[in-house]
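Peer 1: Now for the letters of each chain:
2 protein chains.
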Amino acid sequence: MNQIIKGKQSLIFTNPPYIISAASVAGSKEAEGPLGKLFDMTNEDDLFGAQTWEEAESTMQKEACVLALGKARVKADEIRYLFGGDLLRQGIATSMGVEALQIPMFGLFGACSTSGEALALAGMCAAAGYGKYMLAVTSSHFGSAEKEFRFPLGYANQRPLSAHWTVTGSGAFLVRAAEPEERPGGKCGQAGSAEAANAAEGDVSTGHISHVRITGVTIGKIVDYGLKDSQNMGACMAPAAMDTIVQNFIDTGRTEQDYDRIITGDLGYVGQSILFDLVRGKGFDIRKKHLDCGMTIFDQETQDTHAGGSGCGCAAVTLASFVIPKIEKGEWQRVLFVPTGALMSTVSFNEGASVPGIAHGIVLEHCPL
Amino acid sequence: MNQIIKGKQSLIFTNPPYIISAASVAGSKEAEGPLGKLFDMTNEDDLFGAQTWEEAESTMQKEACVLALGKARVKADEIRYLFGGDLLRQGIATSMGVEALQIPMFGLFGACSTSGEALALAGMCAAAGYGKYMLAVTSSHFGSAEKEFRFPLGYANQRPLSAHWTVTGSGAFLVRAAEPEERPGGKCGQAGSAEAANAAEGDVSTGHISHVRITGVTIGKIVDYGLKDSQNMGACMAPAAMDTIVQNFIDTGRTEQDYDRIITGDLGYVGQSILFDLVRGKGFDIRKKHLDCGMTIFDQETQDTHAGGSGCGCAAVTLASFVIPKIEKGEWQRVLFVPTGALMSTVSFNEGASVPGIAHGIVLEHCPL
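Chains A and B, in that order, are what the protein sequence lines are. Numbering-wise (our numbering), the first sequence opens with residue 6 and increments by one. Numbering-wise (our numbering), the second sequence opens with residue 6 and increments by one.
There's no promise every hint is true.
Pairs count within a copy or across copies, as identical chains cannot be separated in the list.
Computed cross-link-like contacts, DSSO-like style, restricted to lysine-lysine with a CA-CA straight-line distance of at most 30 Å [as the list claims (entries may be wrong)]:
(1) LYS11 x LYS80
(2) LYS13 x LYS76
(3) LYS13 x LYS137
(4) LYS233 x LYS152
(5) LYS80 x LYS287
(6) LYS331 x LYS80
(7) LYS11 x LYS137
(8) LYS13 x LYS287
(9) LYS80 x LYS13
(10) LYS287 x LYS137
(11) LYS11 x LYS76
(12) LYS293 x LYS334
(13) LYS331 x LYS294
(14) LYS334 x LYS137
(15) LYS42 x LYS152
(16) LYS293 x LYS11
Think of the hints as simulated: they come from the structure by calculation, not from any bench.
Make the full structure from the sequences, and use the hints.
Peer 2: Now the structure itself:
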């Protein structure tokens, strides 16, 4: 067996798969934000050469996949399975986006937690020996999301301060199964054997090496505190983020001290403060370790994005452009990446249903070659 | 390793997981059809005690899960991961349906192929040792689907003869990982060792045994012949069904002779004839082995269902109520189950996009205890 079942919801991989490349494609507002210079590709009119917002989102997904493949010099037909999703009804951004790649695919929906769901399944399938390469991709687009969930852009509708700004972006991650000789001597963070180092170095020319491994996952369950305000998704998702973070601590025996960063997807300013309170209620204090992708991707002072960024693309492009490079360099040794999703549709909202949340935890570690 | 990678898209499990129980919940029209007496639960007004079609669909999913758990005498908190999906935007039937079970979950979208996607991932995770029990569930509802994709029911809109009738139903499948001692001596269909038989018999009292195992999967890719008629989904999905069936033959070295039945999800009468032609073009003839769930669940003569049944629930309830019992009894030794999905939304349709298809293949075999 290539993995250890931990507690109620977690897995620890004994020979953890690598993220060998990550790519980010983002829109114009994101390009003007704090991470703007880190994205692999941005576009001035947010249409990426397409005629509609939906086609633009599909184009971003395809470009992100092609970039991730190109960085690692891996061809699309070498990818065993693709795991992808987006926010649109019936996941059409993904269907239309990845179609040209012709990779056997699993369509996913976990709202803004989908990047975590895709990375979890890609890591699990690679660790299980179901193929050498897996691809995970997610996206969101401000234009298509406003059309899907809110008001026509031409209305210039006023937004409450608790509302998020959907990120225009797509992140793709190429996961490679570890070879038996790459198994570290002990935990990641300790030097591997000489053989492992040599095996890894021999791979440099093909771009297949990386210091970033998915060492474990904590799969989330649906958490519903009964909140119904779809314009305050931070509050709706914070309980799910707390549940997954605390469950990761319980399952693995770790605390916030064992992570350099605990990174949520898009709780924003409102959700962050609720998360801190809820986690404190469980006996942990993550304030010094927490970072939220939705608060990182935009500048709240100058970009008028209210609670922060959101969408399947928010956590994905922040992970690809900002978080993974820091783990690769060893600046952060172990990160708990926890994208959060609000499970709702215009129909469920109009019928008065609550907005439950879900969050999936991915443990990313810097590992020596 | 607990599996063998076969060809481009397939996996063969060396110690295949079991489907230890399956449950079906269906609506009134389905209750009047040829499989009516086989469903575990049906409801006269299709609302299942709820106020809306969406809530009714969620209720069906929950009831199907509870029934599958009850049949095997397994509790919800023993299930490691749940894989579920439906046709509605942002998968709300699943989110609201399985929430009460509090099982860590992966939300999926593969249109009407989702039951195959869910069973594939449940089987793969069980075979990989990620947990003892996995639950797969999908649903569709005529009322919620018409609202989502077509016209308000009150319009009494006329339907072309190539259109499908969305099945009101939900099927749930409880997958159990095989213990090492349950590994058959050779292939399924041959007697296992005495130890294995004893181990299995010792389990009878807890309802954890079955003769039905998921011995392999063939994951589909998106296939697009450029068709745009969402009222003729059989034609849109037939190329994907052909692609997955033929890929299964190529990957495994089998032909139609090696299967007692090749069962598609919801191609219907139009899609079936196209499938036969396409498969014949690849040098195979599946006419004597083919069965389509959409043609099986309704009586075309008396039920006015045109091309046949469709929806994530169509293949799921037909598999649970009709197909699995035949494999359990050994009437069919090996079945290739291939639910098919049409990847579209009202937005993609209105924007003039084509309707590509996807199909996932699940190999189900009768195995001795």
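Peer 1: Given identical chains, is LYS80 near LYS13, meaning Cα to Cα at most 30 Å, within a copy, between copies, both, or neither?
Peer 2: between (37 Å within a copy, 14 Å between copies)
Peer 1: How do LYS293 and LYS334 come out at 30 Å by Cα distance, when the copy is not named: within, between, both, or neither?
Peer 2: Within. Shortest intra-copy distance 21 Å satisfies the 30 Å Cα cut-off; inter-copy 60 Å does not.
Peer 1: Is it within, between, both or neither when you check LYS42 against LYS152 at 30 Å Cα-Cα?
Peer 2: within (28 Å within a copy, 44 Å between copies)
Peer 1: Can you give me the call for LYS11 and LYS137, within, between, both or neither, at a CA distance of at most 30 Å?
Peer 2: Result: close both inside a copy and across copies, 24 Å intra and 13 Å inter.
Peer 1: Please work out whether the CA atoms of LYS11 and LYS80 approach to 30 Å or closer within one copy, between two copies, in both situations, or in neither?
Peer 2: So LYS11 and LYS80 pass the 30 Å test across copies only (19 Å; inside, 35 Å).
Peer 1: Can you give me the call for LYS331 and LYS80, within, between, both or neither, at a CA distance of at most 30 Å?
Peer 2: within (26 Å within a copy, 42 Å between copies)
Peer 1: Are the CA atoms of LYS331 and LYS294 at most 30 Å apart within a copy, between copies, both, or neither?
Peer 2: The answer is within: 15 Å in one copy meets 30 Å, while 55 Å across copies does not.
Peer 1: For the identical chains here, do LYS13 and LYS137 meet the 30 Å Cα criterion within one copy, between copies, both, or neither?
Peer 2: both (28 Å within a copy, 12 Å between copies)
Peer 1: At 30 Å max between alpha carbons, let me know whether LYS233 reaches LYS152 within a copy, between copies, both or neither.
Peer 2: This pair counts as both: shortest intra-copy Cα distance 20 Å, inter-copy 22 Å.
Peer 1: Treating 30 Å as the Cα threshold, decide for LYS287 and LYS137: within, between, both or neither.
Peer 2: Close across copies (29 Å), not inside one copy (39 Å); limit 30 Å.
Peer 1: With 30 Å as the alpha-carbon cut-off, assign the pair LYS11 and LYS76 to within, between, both or neither.
Peer 2: between (34 Å within a copy, 27 Å between copies)
Peer 1: For LYS293 vs LYS11, is the C-alpha pair at or below 30 Å within one copy, between two copies, both, or neither?
Peer 2: within (26 Å within a copy, 48 Å between copies)
Of the numbered hints listed earlier, not one is contradicted by the structure.
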